[in-house]
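Based on the sequences and whatever the hints tell you, model everything.
Residue numbers (the UniProt record's numbering), protein chains in the order written: chain E, 1 to 355; chain X, 1 to 355; chain D, 1 to 355; chain F, 1 to 355; chain R, 1 to 355.
Because the hints were derived from the structure by calculation, they are not lab data.
Each statement offered as a hint is correct.
Any copy will do: because identical chains look the same in the list, a pair fits if it lies in one copy or spans two.
Calculated pairs, DSSO-like style, for lysine-lysine (alpha carbon to alpha carbon, straight line, at most 27 Å):
no.	residue 1	residue 2
1	K252	K102
2	K220	K102
3	K58	K79
4	K58	K252
5	K352	K213
6	K252	K42
7	K213	K350
8	K353	K194
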Amino acid sequence: MAKKRNKKAHKKIGSVPGSVIYTGNKESKELFIEVFDYNHDKFLEKQLNKVEDTFDFKLNDCVSWINLNGLNHVDSIEKLGLHFNLHPLVLEDIVNISQRPKIDEYEDYIFLVLKMLYYDGDENIISEQVSFILGPNYVLSFQESEGDVFDSVRDRIRQGKGRVRTMNADYLLYILMDSIIDYYFNVIETLGYKIEDLETDIFLGNVENTINKDIRDLKKEILRVRRAIFPLREVISRIEKHDSHLIASTTKNYYRDIYDHLIQVSENIDIYREMIWSLMDMYMTTISNKMNEVMKVLTIMASIFIPLTFIAGIYGMNFDYIPELHFKYSYFILWGVMIMLFVAMLIYFKRKKWL
Amino acid sequence: MAKKRNKKAHKKIGSVPGSVIYTGNKESKELFIEVFDYNHDKFLEKQLNKVEDTFDFKLNDCVSWINLNGLNHVDSIEKLGLHFNLHPLVLEDIVNISQRPKIDEYEDYIFLVLKMLYYDGDENIISEQVSFILGPNYVLSFQESEGDVFDSVRDRIRQGKGRVRTMNADYLLYILMDSIIDYYFNVIETLGYKIEDLETDIFLGNVENTINKDIRDLKKEILRVRRAIFPLREVISRIEKHDSHLIASTTKNYYRDIYDHLIQVSENIDIYREMIWSLMDMYMTTISNKMNEVMKVLTIMASIFIPLTFIAGIYGMNFDYIPELHFKYSYFILWGVMIMLFVAMLIYFKRKKWL
Amino acid sequence: MAKKRNKKAHKKIGSVPGSVIYTGNKESKELFIEVFDYNHDKFLEKQLNKVEDTFDFKLNDCVSWINLNGLNHVDSIEKLGLHFNLHPLVLEDIVNISQRPKIDEYEDYIFLVLKMLYYDGDENIISEQVSFILGPNYVLSFQESEGDVFDSVRDRIRQGKGRVRTMNADYLLYILMDSIIDYYFNVIETLGYKIEDLETDIFLGNVENTINKDIRDLKKEILRVRRAIFPLREVISRIEKHDSHLIASTTKNYYRDIYDHLIQVSENIDIYREMIWSLMDMYMTTISNKMNEVMKVLTIMASIFIPLTFIAGIYGMNFDYIPELHFKYSYFILWGVMIMLFVAMLIYFKRKKWL
Amino acid sequence: MAKKRNKKAHKKIGSVPGSVIYTGNKESKELFIEVFDYNHDKFLEKQLNKVEDTFDFKLNDCVSWINLNGLNHVDSIEKLGLHFNLHPLVLEDIVNISQRPKIDEYEDYIFLVLKMLYYDGDENIISEQVSFILGPNYVLSFQESEGDVFDSVRDRIRQGKGRVRTMNADYLLYILMDSIIDYYFNVIETLGYKIEDLETDIFLGNVENTINKDIRDLKKEILRVRRAIFPLREVISRIEKHDSHLIASTTKNYYRDIYDHLIQVSENIDIYREMIWSLMDMYMTTISNKMNEVMKVLTIMASIFIPLTFIAGIYGMNFDYIPELHFKYSYFILWGVMIMLFVAMLIYFKRKKWL
Amino acid sequence: MAKKRNKKAHKKIGSVPGSVIYTGNKESKELFIEVFDYNHDKFLEKQLNKVEDTFDFKLNDCVSWINLNGLNHVDSIEKLGLHFNLHPLVLEDIVNISQRPKIDEYEDYIFLVLKMLYYDGDENIISEQVSFILGPNYVLSFQESEGDVFDSVRDRIRQGKGRVRTMNADYLLYILMDSIIDYYFNVIETLGYKIEDLETDIFLGNVENTINKDIRDLKKEILRVRRAIFPLREVISRIEKHDSHLIASTTKNYYRDIYDHLIQVSENIDIYREMIWSLMDMYMTTISNKMNEVMKVLTIMASIFIPLTFIAGIYGMNFDYIPELHFKYSYFILWGVMIMLFVAMLIYFKRKKWL
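Take a look at the structure:
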């Protein structure tokens, strides 16, 4: 992922600053625009393919959520930007999908970038950039492709559940961000399970070298999630503190709530970070314990049989005159001695708790 | 625990913000309400089952402590909230048991969330969320279930020990919190014992792989305790600094005392943290020492007997012409040589301090 | 590199402060001066060999970029400094190539030092110091030798791409710095690849001691890059915050953009830092795993054959009376016993998962 | 120690806040009060057993140092507190010997708690709490038991050495604290010696498991000393900064001097901390080196004699037709071969620097 | 060194604060005073043995540098202090050679303490305390003994090189400090070499236990240098920020230059610190690699020859009926089998990359 992101950033070397260049995956995706337009007694939902069709929603007296999927359609985004009066740097940031979460306040809108995190079917974290423009009575959202974490928001608007239909665009932005942060909990929860699985695995004595890779992959995931989430705290805190006519002071309580959630997520990430970092130590000691066990087997076998073999060797010598060889019971006496030695060894190792 | 908490948070994905949903264990618990109503010359203690019965205590001229157990009774809590004029977000936070310790100041009450920590019979740390509402002459407390750390407070109110009966609700809140923090000392004390036990265990040479698990479990306990206690420092410090008509300046001295205690607890936690973290190193070196010992036994046995066996092998060869075989005392001379070699080896290993 | 830098600094011991002494590589390099002089409708590009030829560009009404290569030509730089009214300390800093990135604001110009980082053909990071003087309508830049990261800037000026021809010198400085920072992304991207390669290498079981050197070299590279980039954040942040008549407030938006990029680069560096630091642990566990494997082979071989050899030794003894020797099928029975022992051993090691 | 302190704190669970309960060792100690009363021309020294006898010293026009030993005499301390007008919380803190170093400023006195550290005969650090009350012309000091670090102060007062007899109570407090801090130097010096001894021990190859315990004990000592000393910096810094009529501005210079000393002590503690923490690494590598040595001996012995034994085994076989057995010089040739092999092995191991 | 410093500090226990006691090496050193007295057209250099001879230089209209060597001559220093009106605490600090770098501003002079660092012939770092008094037109400097880093300053004054003869005493102090800091670069450069040497040593496979000591010694050196240099940053920064009539604002630019250098030195120290700290890891892995190599040799030898020896042992048995013994070519067939086994083993180990 780190690799991918850099490769994208790299593509821009030498480009003119302020130019709107999509830095994501170039495979052509359909432009898909979704509009929710509502107030306490009206509600309209539309799927569109042309940005021009959204222009009317800017000035009507309903709250509008215009959700655009397909950042590769740079032309359409530029047209939209022109109509909604967006600064070129904003447009550049929307299509450059390697932004850090940030907030930029302009005269008549607020620009927000953040990362949507969710697990795909194969337990890989998907990190997708979402940009929001909060205007007086509309929220524009920009996503790389279809598929997001906003289904509960759509349902709530459709069914008029909760306060959303009676509130303004600032509240709409809040519930959108709240949905994103809910999924953060989901992501770190899964991370927690993965760490515990790995822990159990190591504890049960799995010392395969693949553990190394698993630990590292988890480390990278945590660093990645961390980088998506930590800067967001500052963003939210700025929303809370800043006086903008676009965000009503009553709505700010809700943003404070988001902030509390983010702090909680951050704390969990840091705890997981510590746990995963110390997994390596646990792994190391487990390997050493295994080796200890191996060494004990070797030492016990060698310590018992090498001396006995030596004794057998003695009486295999061909000296003309070895008196013991000619006594009748020598052989049996020797067996006795050897068995005693054997037992003594066993007792010794038992005492040392190696057996 | 981390796992459990996340699972709970997860349940809320997609729920409408501001809705009062109990996130704890769903097994039905009885609603149990306890009321202490007192001033310097009156005292009343009551057990109730209906919240409505507590409404009269809001306005009387005594100090009232209304202690509600059973957060699953969301309806009752909402009724209470309505009567005591609590904000919906406050109610939501009361029943969401995965809050960070925090303080929210409202017009006519202060809302506090913190964690009660104590050991159950099996030496497991129980972390239970307690929420307090401090009003002009009452304290509401909300607990998940019966069983808490407030028995000494109850006794003191009943018996009129100390200042409690002559002071206002702010002082009542103080002694409730003081009880909680007293138990923090208890918890970290037990953590300290556990660390020392583990230390002794390792030092005495126990290198079982279960040590790994014990160390990790202790680490997790410390992280958990830390997360419950550290944010509280800021909470108390805000009580101290903030000018609220609900907390008399004379009472603030007592809160400063709590603050001092919290700092002490925090320092101890950090010390234990360091001790437990470095246990892993100690464990590692102990394993290595053990292995060293094993290797020494092997090396001594092998180094002594392999050369001797070689010598015996030599005279077991069947060459037609080996002159030594035919001397009369060869065999005895050989024994002499071998014993000398043996002794030389012993001396060598003795010198190396391997014996 | 650290060694080299210090050696240079060392050369100055005892020198008079404020004296202009070039601390870089003394091999004589040609003085090479490049001038770009332009406004929205004019454009002039010149290559010069004498500083005196640049003096006219100071006062004309175009934006001029005077790019001087060859810091060993101290005399020429002093002449230039005199004409452009530069402070002696500034000149000293320009030719002392071991500066930290910094900004010094003077009455009628701003002095900036930073580090250009790029990979040469052999994947070595080249760090070259660039100093900028931003005057009212000119930018002076000073490089140690030819070869830099500004080709895209040259093209843009030549072709009038983007805003550059319509903007002032402060914007020119911005695009120059932007080019430098674009290359920072490039450098850390390559660092990222190197770390991943090393990681794969270790994971695949390469435990050669050279890994040690590779890890250390990467560590040093990261420390070096870090030292070049981190102080720059403060520099840019000061440009943003400071009120200078030399930098228009509209241009400051662009500097904020650079600042965002720098934060991104810094975060990546810190992530790579963590990854490379923990590589050592991974390497350690891989070595231990290898050793474990070696030990297992040894233990299996020894545990199987040492007892068998002992048995063979027994029946090689020359006692006069060993009854087994004279039974007809002894030899075959013995083989049977030995094969059974062998198989039992194999099963035992299979169970222990050593095979 | 951590264990002990907690046990004490534990005893207080459930006690009424503000109650004066001695938390130290309950064995009965004699109350012992010492009074030094002096000005530039008078001097009086008294030993008393009843606090009532000290009451006259409060108001006379000399500087009085009233030093009370025996915190278990709670009644006497409460009487003293009443006469000197001390707040109940102050009295509670005086007898609760698990205080963090702190300063509390009251209307007409300053209350200071700090830790006296010194080594007893057996090289154990003794940490004893000392509380000071600085009044207009008196200093009260409270110690758990007799025996302290103030002998040089006593001498100085007796003999009128230095400035003490011409200065006020604030200076007396200063020289008392200065004595305490002088002993801090002593304590960390001894810690330094202990670390170096341990270092030498490890370096000389002592890899006994007891080293583990020694390192841990030193770690704990350092953490303990650290906890006693670090909060004091803030205390002194508050004396310096605060405007109190009790401390003359000319005396503040002296407190700044103490502050400088404390910083020095703190720096040393942190250095020792680092040194002791990294001792574990040194210990680990030393163990590994030892093991390496052991392994080499084993490998050399085994590698030399196992092949030779094999050769001897070959010619111990009883095949009917082994031609070599019947050559006359076979035996001697074989010896030659074996000696050559032996020497070759030695050379090989020499080359590998294992010998 | 740490040991030495503490020992010195220890000597002072119980001494009266403010008393001027030399804490350094008591061996008697000659008092040696050097005076440089100059302005833009006059210059005088003198060597003196009595402090009284320097008194005239206080009030003349030249800039005077009075450099006193021999801190054991406490009487002379006290006389000088009296004449130059120095505070007793200043005198105490001058002769107490275990000061942290610090600055104290007095009415009519500034008192500065810092550490001179340089390598002696045997590559040991010498740390010597230098104190400066900056008066209106003089600089007093105090050194423990002759030999310092100021020769270039002397030359510059003598020869009138640079600005020194035209500037005031504040500039003189600057070039003195600049000389000291130049040597800091020298010291850390040498530290850098030492680290690299050690690194190369370890990399080339030197795993002697002495490496442990070398690493530790370097760590201590770095900690020591760090402690001498880091507090100086604050000192210089206070000179820069403070408004003193003794330091002209034009001279402050030069102090900012020193500050930049100090930051650079500090950064290098921290980098070296990291490098040296991670050397231990490298050492550890190198040891483990060595051990791995040893184990491989052992395993290969044992794995090849133990089975072969077993086979030879089989045919050394004395059973009456072993059919193979009587076939004519058995012996040669056996050799064939053994050689095949041997080769198979070699191939196996080759495949495992152990050969």
